Amino acid sequence: MAIEKMSIAKALNESLRKAMETDPKVLIMGEDVGKLGGVFRITDGLQKDFGEERVIDTPLAESGIVGTAIGLALRGYRPVVEIQFDGFVFPAYDQIVTQLAKMHARSLGTIKLPVVIRIPYAGGIGAVEHHSESPETLFAHVPGLKVVSPSNASDAYWMLQQAILSDDPVIFFEPKRRYWDKGEVDVDAIPGELHKARVTRSGTDLTLAAYGPMVKVCMEAAAAAAEEGKSVEVVDLRSMSPVDFDGLQASVERTRRLVVVHEAPVFLGVGAEIAARITERCFYHLEAPVLRVGGFHAPYPPARLEDEYLPGLDRVLDAVDRSLAY
Amino acid sequence: MTVESTAARKPRRSSGTKRAAGAASARKTAAATAQPHDAEPQLVQLLTPEGERVDAGDHPDVAEFAPFVADITTEDLRGLYRDMVLTRRFDGEATALQRQGELGLWASLLGQEAAQIGSGRALRDDDYVFPTYREHGVAWCRGVDPTNLLGMFRGVNHGGWDPNTNNFHLYTIVIGSQTLHATGYAMGVAKDGADSAVIAYFGDGASSQGDVMEAFNFSAVYNSPVVFFCQNNQWAISEPTERQMRVPLYQRAQGFGFPGIRVDGNDVLACLAVTRWALERARRGEGPTLVEAFTYRMGAHTTSDDPTKYRRDEETAAWESKDPILRLKAHLLASGGADEAFFAELEAESETLGKHVREVVRSMPDPDTMAIFENVYADGHALVDEERAQFAAYLASFEGGE
Ligand SMILES: Cc1ncc(C[n+]2csc(CCOP(=O)(O)OP(=O)(O)O)c2C)c(N)n1
Numbered sequence: 001m002a003i004e005k006m007s008i009a010k011a012l013n014e015s016l017r018k019a020m021e022t023d024p025k026v027l028i029m030g031e032d033v034g035k036l037g038g039v040f041r042i043t044d045g046l047q048k049d050f051g052e053e054r055v056i057d058t059p060l061a062e063s064g065i066v067g068t069a070i071g072l073a074l075r076g077y078r079p080v081v082e083i084q085f086d087g088f089v090f091p092a093y094d095q096i097v098t099q100l101a102k103m104h105a106r107s108l109g110t111i112k113l114p115v116v117i118r119i120p121y122a123g124g125i126g127a128v129e130h131h132s133e134s135p136e137t138l139f140a141h142v143p144g145l146k147v148v149s150p151s152n153a154s155d156a157y158w159m160l161q162q163a164i165l166s167d168d169p170v171i172f173f174e175p176k177r178r179y180w181d182k183g184e185v186d187v188d189a190i191p192g193e194l195h196k197a198r199v200t201r202s203g204t205d206l207t208l209a210a211y212g213p214m215v216k217v218c219m220e221a222a223a224a225a226a227e228e229g230k231s232v233e234v235v236d237l238r239s240m241s242p243v244d245f246d247g248l249q250a251s252v253e254r255t256r257r258l259v260v261v262h263e264a265p266v267f268l269g270v271g272a273e274i275a276a277r278i279t280e281r282c283f284y285h286l287e288a289p290v291l292r293v294g295g296f297h298a299p300y301p302p303a304r305l306e307d308e309y310l311p312g313l314d315r316v317l318d319a320v321d322r323s324l325a326y
Numbered sequence: 001m002t003v004e005s006t007a008a009r010k011p012r013r014s015s016g017t018k019r020a021a022g023a024a025s026a027r028k029t030a031a032a033t034a035q036p037h038d039a040e041p042q043l044v045q046l047l048t049p050e051g052e053r054v055d056a057g058d059h060p061d062v063a064e065f066a067p068f069v070a071d072i073t074t075e076d077l078r079g080l081y082r083d084m085v086l087t088r089r090f091d092g093e094a095t096a097l098q099r100q101g102e103l104g105l106w107a108s109l110l111g112q113e114a115a116q117i118g119s120g121r122a123l124r125d126d127d128y129v130f131p132t133y134r135e136h137g138v139a140w141c142r143g144v145d146p147t148n149l150l151g152m153f154r155g156v157n158h159g160g161w162d163p164n165t166n167n168f169h170l171y172t173i174v175i176g177s178q179t180l181h182a183t184g185y186a187m188g189v190a191k192d193g194a195d196s197a198v199i200a201y202f203g204d205g206a207s208s209q210g211d212v213m214e215a216f217n218f219s220a221v222y223n224s225p226v227v228f229f230c231q232n233n234q235w236a237i238s239e240p241t242e243r244q245m246r247v248p249l250y251q252r253a254q255g256f257g258f259p260g261i262r263v264d265g266n267d268v269l270a271c272l273a274v275t276r277w278a279l280e281r282a283r284r285g286e287g288p289t290l291v292e293a294f295t296y297r298m299g300a301h302t303t304s305d306d307p308t309k310y311r312r313d314e315e316t317a318a319w320e321s322k323d324p325i326l327r328l329k330a331h332l333l334a335s336g337g338a339d340e341a342f343f344a345e346l347e348a349e350s351e352t353l354g355k356h357v358r359e360v361v362r363s364m365p366d367p368d369t370m371a372i373f374e375n376v377y378a379d380g381h382a383l384v385d386e387e388r389a390q391f392a393a394y395l396a397s398f399e400g401g402e
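Those protein sequences? They're chains A and B, same order as listed. Okay, so the first sequence: first residue is 1 according to my numbering, each after it adds one. Okay, so the second sequence: first residue is 1 according to my numbering, each after it adds one.
Keep in mind that a hint or two might mislead.
Cross-link-like lysine-lysine pairs, in silico, DSS-like; alpha carbons within 25 Å at most [unchecked claim]:
| # | chain 1 | residue 1 | chain 2 | residue 2 |
| --- | --- | --- | --- | --- |
| 1 | A | Lys48 | B | Lys191 |
| 2 | A | Lys18 | A | Lys35 |
| 3 | A | Lys112 | A | Lys102 |
| 4 | A | Lys48 | A | Lys112 |
| 5 | A | Lys35 | B | Lys355 |
| 6 | A | Lys230 | A | Lys5 |
| 7 | A | Lys112 | A | Lys230 |
| 8 | A | Lys35 | A | Lys25 |
| 9 | B | Lys309 | A | Lys18 |
What the simulated footprint calls covered on chain B by chain A, stretch by stretch (three residues with Cβ under 8 Å from a Cβ of chain A suffice, anywhere in the stretch; the number is not a length) [what the hints assert, rightly or not]:
| # | region |
| --- | --- |
| 10 | 118 to 131 |
| 11 | 227 to 239 |
Keep in mind that the hints were calculated from the coordinates and are not lab data. Please read these numbers as outputs of a predicted model, since none were measured by experiment. Glycine included, each C-beta is placed from N, C-alpha and C at the ideal position.
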């Protein structure tokens with residue numbers, strides 16, 4: 001076992017390095033990924049070590065980046081694309097939705113498009129507009145795409161390599177406000193499955209389900225609830241498409257209550273789908289309706305309001321109380 | 001005689017200029033080797049870096065643009081100088097305020113004052129401006145209260161001014177988007193039979209976006225009265241222009257069917273002249289123009305950026321000698337257009353502006369929490385109403401309780 005302590009950002013960097021060493025077909029593409037190492041330095045040092053043929057600074061054109069990544073994948077490469085910020089993926093949305101997601105089906109399964117699109121996403125860093133959004137639902141809704149988000153360094157390290165190994169296009173959402181959080185990474189471990197949920201804290205009274213940046217908030221909420229004598233289980237979903245409903249169902253059958261937490265707007269969000277499915281699967285186990293905590297049906301607000309907008313400890317605990325009151 | 005002043009005798013316009021884009025046959029994909037960007041760019045220049053007026057008699061192309069600033073008096077020159085100095089002061093103050101934690105981010109225009117003031121002062125009140133996020137000098141020319149520009153960088157709003165008060169649209173962060181808005185607005189101007197014009201600002205990096213090319217094409221097809229004003233400041237964050245294009249930017253217009261011209265972006269007079277020329281074409285119904293203002297981003301991309309990771313000091317130093325403000329100052333001093341009293345007075349005015357900006361920013365209140373739900377829809381929306389009420393009740397539960 002080789003356990004190293006590193007930040008999520010560093011884990012992603014190490015993960016990319018490992019993937020590039022392992023497979024010469026892996027390419028990195030994006031704006032500023034070369035000398036600068038990306039605006040969050042996730043690709044730091046990679047161009048120096050792997051050269052400009054493999055770590056490619058692209059023109060400032062997201063549709064171009066994803067469109068050419070599709071072409072490179074058709075030619076046998078495995079492009080890992082960086083979109084600089086969540087709000088800038090939309091110029092590429094057409095290529096992702098109309099082309100990347102559908103070619104495998106259109107070719108009767110003969111074409112594989114192993115393209116990974118990395119997107120630093122969600123809020124909490126005091127940024128200007130278009131730099132704090134959570135558009136995961138817009139991708140999870142599209143058949144043909146897989147959508148995942150790590151919440152800790154170990155997952156950052158392993159999930160990114162698994163995404164690169166996947167023959168399907170993967171939208172890889174990185175919780176940017178957690179980039180500097182440190183955790184232990186066992187670089188020799190045999191990683192769990194990419195789309196499996198994980199219980200990160202056991203409890204008996206209620207399940208909190210979250211992914212990405214909200215896992216930490218839910219862990220804190222569970223700890224705070226414990227002080228009030230409530231036993232809260234936390235499930236890190238890790239994948240939004242597919243969702244590990246079996247894993248979540250097992251948890252809810254134990255605790256009989258579920259609160260889903262994400263930063264994205266609640267309306268038609270990932271939590272809505274989970275609430276519907278779990279209600280269907282666990283109807284006779286549930287003691288309360290599945291509750292959701294998340295963003296409002298409003299544009300992500302200016303930075304000085306994001307603390308009120310983002311679900312924090314209090315809003316999660318409020319939902320825990322409401323659920324337990326049924 | 002410097003490189004620039006020699007070059008000024010041969011301004012380049014895409015119509016009529018036929019030059020190979022540089023052979024790109026080498027089988028290299030990531031590492032471009034050709035240097036399409038003239039080490040000695042040829043551009044329209046009316047004022048040399050030493051502050052000398054380029055003689056209109058020297059070259060027919062210079063003669064073509066000089067008349068567009070023939071009416072500029074010494075007093076006007078002092079006005080342009082004042083605009084640039086105050087804009088730079090405002091910008092420097094904002095950078096300092098970011099360092100002090102009063103702003104979350106700042107995108108500095110340092111070095112681009114001439115391009116912005118020259119083009120901004122070419123506009124008529126009824127013209128309409130579509131900026132990016134760096135057009136503080138243009139905003140100044142439009143009469144937008146500079147402190148209004150700081151709200152979005154402080155994080156208290158996403159805009160902060162009514163675009164229709166000064167015909168100055170909100171800042172646009174998504175690269176290139178606004179060029180299409182400008183084109184559509186110009187299509188509307190033409191439909192209305194008005195003789196005003198529209199100007200869209202964007203960077204060299206933005207020229208890679210599909211939106212910008214679509215804007216070029218729409219404006220050409222509909223012969224819209226729009227001027228595309230690209231400030232080529234040589235960098236898009238860490239990427240040099242070689243990573244965006246293989247053909248000098250101004251030449252691109254030709255392929256879309258309208259003229260493109262490269263102007264010395266550090267020469268406020270030339271920027272004024274060329275923009276006036278382009279605006280007049282638009283007003284006459286002759287359609288779009290692409291102006292490439294060849295300039296330099298002297299600071300970081302934004303306060304979050306670290307240019308030492310990708311930029312050489314020598315390059316920055318070389319551009320410092322072309323500083324747009326020093327250039328006009330040299331001219332004003334040499335020509336007797338301004339005396340020390342003028343500069344001293346302006347320095348005092350700068351101080352006052354700086355102080356004012358600091359005070360306003362520091363006292364800028366945070367928005368009310370419930371502003372989250374404001375203006376999501378013009379006609380209201382049941383879901384927003386429901387969430388607003390729920391959130392208000394949730395917040396009230398704290399005030400009443402513990
Ligand atoms: C669609 C989009 N992609 C990426 C970004 C992130 N970004 C902000 S500014 C910038 C570089 C812009 O360069 P340029 O167009 O040359 O303008 P400059 O900032 O140099 O004036 C990038 C990549 C963005 N704002 N929008």
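Hints versus structure:
| no. | hint | verdict |
| --- | --- | --- |
| 1 | A:Lys48 - B:Lys191 | violated, 54 Å |
| 2 | A:Lys18 - A:Lys35 | holds, 19 Å |
| 3 | A:Lys112 - A:Lys102 | holds, 10 Å |
| 4 | A:Lys48 - A:Lys112 | violated, 30 Å |
| 5 | A:Lys35 - B:Lys355 | violated, 38 Å |
| 6 | A:Lys230 - A:Lys5 | violated, 31 Å |
| 7 | A:Lys112 - A:Lys230 | violated, 47 Å |
| 8 | A:Lys35 - A:Lys25 | holds, 21 Å |
| 9 | B:Lys309 - A:Lys18 | holds, 24 Å |
| 10 | 118 to 131 | violated (count 0) |
| 11 | 227 to 239 | holds (count 4) |
In this structure, the earlier hints numbered 1, 4, 5, 6, 7 and 10 are contradicted, and the remaining ones agree with it.
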